[in-house]
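Enquirer: If you want the building blocks of each chain, they are given just below.
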Amino acid sequence: AQKITQTQPGMFVQEKEAVTLDCTYDTSDPSYGLFWYKQPSSGEMIFLIYQGSYDQQNATEGRYSLNFQKARKSANLVISASQLGDSAMYFCAMRGAYGNKLVFGAGTILRVKS
Amino acid sequence: NAGVMQNPRHLVRRRGQEARLRCSPMKGHSHVYWYRQLPEEGLKFMVYLQKENIIDESGMPKERFSAEFPKEGPSILRIQQVVRGDSAAYFCASSPPARGGLTDTQYFGPGTRLTVL
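Chains as they are written, first to last, in the working numbering: chain V, 378 to 491; chain D, 412 to 528.
Check the hints yourself; a few may be wrong.
No more than 25 Å apart at the CA atoms, straight line, and that leaves these computed lysine to any residue pairs for SDA-like [to be verified]:
#1 D:K438 / V:N477
#2 V:K490 / D:S469
#3 V:K380 / D:E451
#4 V:K380 / D:G414
#5 D:K455 / V:T404
#6 D:K455 / V:Q379
#7 D:K455 / V:T384
#8 D:K455 / D:G414
#9 D:K462 / D:V423
#10 D:K462 / V:D432
#11 V:K380 / D:A499
#12 D:K438 / V:E438
#13 D:K455 / V:T401
#14 D:K473 / V:Q379
#15 V:K490 / V:L461
#16 D:K455 / V:F445
#17 D:K455 / V:D399
#18 V:K380 / D:G470
#19 D:K455 / V:M388
#20 D:K455 / V:D403
#21 D:K455 / V:I486
#22 D:K462 / V:L461
#23 D:K462 / V:D399
#24 V:K380 / V:D432
#25 V:K380 / D:K438
#26 D:K438 / D:P521
#27 D:K473 / V:K490
#28 D:K473 / V:Y475
#29 D:K455 / V:E421
#30 D:K455 / V:K490
#31 D:K455 / V:G420
#32 D:K455 / V:L461
#33 V:K490 / V:T404
#34 V:K380 / D:P472
#35 V:K380 / D:K455
#36 D:K455 / V:P407
Between beta-carbon pairs, the in silico distance windows are [stated by the list, open to error]:
#37 D:E452 / V:Y475: 22 to 30 Å
#38 D:Q492 / V:M388: 35 to 43 Å
#39 V:T397 / D:H421: 28 to 36 Å
#40 D:M437 / V:P407: 25 to 33 Å
Hints listed in this document are in silico derivations from the structure and should not be mistaken for laboratory results.
The beta carbon of each residue, even a glycine, is placed where N, CA and C say it ideally should be.
When you get a sec, could you build the whole thing from the sequences and use the hints?
Expert: Dropping the structure here:
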């Protein structure tokens with residue numbers, strides 16, 4: 378079974394600064410995938426970034442990067458140069474080797490201040 | 412390139428009525444997933460379907476809930492005799508045909524907000 382833990386219920390960041398959202402995971406699967414999704418107040422779920430457990434390099438997508446530390450079982454999301462539009466709920470999720478379902482964390486609410 | 416479509420976006424039902432939620436996957440996607448999000452919580456997996464087949468229903472409540480993905484038409488999540496505890500956001504996601512790896516990202520629809528009075 379997989380488990381995702383997001384320990385930060387809420388975060389504040391000043392506009393244009395970088396912010397790190399924490400995610401730790403637990404699995405016994407030999408391979409797995411890690412995902413981050415953004416849920417703005419309008420409610421939709423927007424895919425941000427993916428990291429495979431065997432990927433040698435940390436994933437990056439524009440202003441999003443994933444700080445993947447396999448030994449620590451952490452997959453933190455880094456948002457650089459925060460914008461007001463980044464204010465949203467952020468979910469970390471994982472998919473194990475033997476199934477297709479995503480397991481989600483409880484989420485972190487990010488508020489960007491001007 | 413249309414994304415995952417869900418309708419209705421909002422649905423209000425009285426206790427005991429039936430709720431039908433529809434999901435049309437992205438073009439070219441043959442895998443559909445349903446998730447439920449209770450207020451102030453993360454998403455919880457319910458069921459995974461391919462055309463005409465239920466692959467994994469380990470997250471579906473044993474009673475009143477059913478899902479289908481027919482050969483033609485959208486996937487349907489059906490909730491019979493709804494109760495107040497069924498009030499939640501129901502999300503559908505789709506992914507392309509499996510390529511045997513872990514990189515098949517699931518793309519989500521806008522969700523259906525079900526309110527049971």
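Enquirer: Each of the hints needs a verdict: does it hold here or not?
Expert: Against the structure, the hints:
This hinted pair checks out: D:K438 and V:N477 have alpha carbons roughly 19 Å apart, not beyond 25 Å. Between V:K490 and D:S469 the CA atoms are separated by roughly 41 Å; this puts the pair beyond 25 Å, and the hint is violated. Taking the CA atoms of V:K380 and D:E451, the gap is near 18 Å; set against the 25 Å cutoff, the hint holds. In summary, the hint linking V:K380 to D:G414 is not supported, as the alpha carbons are separated by about 28 Å, beyond the 25 Å threshold.
Only pairs whose Cα atoms come within 25 Å are accepted, and D:K455 paired with V:T404 is accepted, the gap being roughly 17 Å. Only pairs whose Cα atoms come within 25 Å are accepted, and D:K455 paired with V:Q379 is accepted, the gap being roughly 12 Å. For a cut-off of 25 Å, the pair hint linking D:K455 to V:T384 stands: about 18 Å separates their Cα positions. Between the alpha carbons of D:K455 and D:G414 the distance comes to roughly 21 Å, so the proposed pair stays at or under 25 Å and holds.
In summary, the hint linking D:K462 to D:V423 is not supported, as the alpha carbons are separated by about 28 Å, beyond the 25 Å threshold. Using a Cα cut-off of 25 Å, the hinted pair D:K462 and V:D432 is violated, with the two alpha carbons roughly 31 Å apart. Between V:K380 and D:A499, the direct Cα distance comes to roughly 22 Å. Compliance with the 25 Å bound is thereby established for this hinted pair. Our distance criterion of 25 Å between C-alpha atoms is met by D:K438 and V:E438, whose separation comes to about 24 Å.
Restraint check for D:K455 and V:T401: satisfied, since their Cα atoms lie roughly 18 Å apart, inside the 25 Å limit. This hinted pair checks out: D:K473 and V:Q379 have alpha carbons roughly 22 Å apart, not beyond 25 Å. This hinted pair checks out: V:K490 and V:L461 have alpha carbons roughly 7 Å apart, not beyond 25 Å. The straight-line distance between the Cα atoms of D:K455 and V:F445 is roughly 24 Å, inside the 25 Å bound, and the hint therefore holds.
Between D:K455 and V:D399, the direct Cα distance comes to roughly 20 Å. Compliance with the 25 Å bound is thereby established for this hinted pair. Between the alpha carbons of V:K380 and D:G470 the distance comes to roughly 15 Å, so the proposed pair stays at or under 25 Å and holds. Straight-line distance between C-alpha atoms of D:K455 and V:M388 comes to about 23 Å, which keeps the hinted pair within the 25 Å bound. Of the pairs offered as hints, the one joining D:K455 and V:D403 holds, with about 17 Å between alpha carbons and a cut-off of 25 Å not exceeded.
For the given pair, D:K455 sits about 18 Å from V:I486 by alpha-carbon distance, which is consistent with the 25 Å threshold. A threshold of 25 Å between alpha carbons decides the hint, and for D:K462 with V:L461 the separation of about 41 Å lies outside it, so the pair is violated. The straight-line distance between the Cα atoms of D:K462 and V:D399 is roughly 37 Å, outside the 25 Å bound, and the hint therefore fails. For a cut-off of 25 Å, the pair hint linking V:K380 to V:D432 stands: about 20 Å separates their Cα positions.
Distance hint between V:K380 and D:K438 is unfulfilled; the C-alpha atoms sit about 31 Å from each other, more than 25 Å. Proposed proximity of D:K438 and D:P521 is supported: the alpha carbons are some 16 Å apart, at most 25 Å. Between D:K473 and V:K490, the direct Cα distance comes to roughly 45 Å. Violation of the 25 Å bound is thereby established for this hinted pair. For a cut-off of 25 Å, the pair hint linking D:K473 to V:Y475 stands: about 23 Å separates their Cα positions.
Proposed proximity of D:K455 and V:E421 is supported: the alpha carbons are some 15 Å apart, at most 25 Å. For the hint linking D:K455 to V:K490, the alpha-carbon distance of about 31 Å lies beyond 25 Å, and the restraint is violated. At most 25 Å may separate the alpha-carbon atoms for a hinted pair to count; D:K455 and V:G420 meet this at roughly 15 Å. Distance check on the hinted pair: D:K455 and V:L461 sit about 28 Å apart at the alpha-carbon level, beyond 25 Å; violated.
Distance check on the hinted pair: V:K490 and V:T404 sit about 36 Å apart at the alpha-carbon level, beyond 25 Å; violated. For the hint pairing V:K380 with D:P472, the CA-to-CA distance comes to about 20 Å; that is within 25 Å, so the pair holds. Distance check on the hinted pair: V:K380 and D:K455 sit about 12 Å apart at the alpha-carbon level, within 25 Å; holds. The hinted pair formed by D:K455 and V:P407 meets the criterion: a straight-line CA distance of about 23 Å does not exceed 25 Å.
With their beta carbons about 25 Å apart, D:E452 and V:Y475 fall inside the hinted range of 22 to 30 Å. A hinted range of 35 to 43 Å holds for the C-beta pair D:Q492 and V:M388, which are about 41 Å apart. For V:T397 and D:H421, the hinted distance range of 28 to 36 Å is satisfied, since their beta carbons lie about 35 Å from each other. At about 30 Å, the beta-carbon gap between D:M437 and V:P407 stays in the expected band of 25 to 33 Å.
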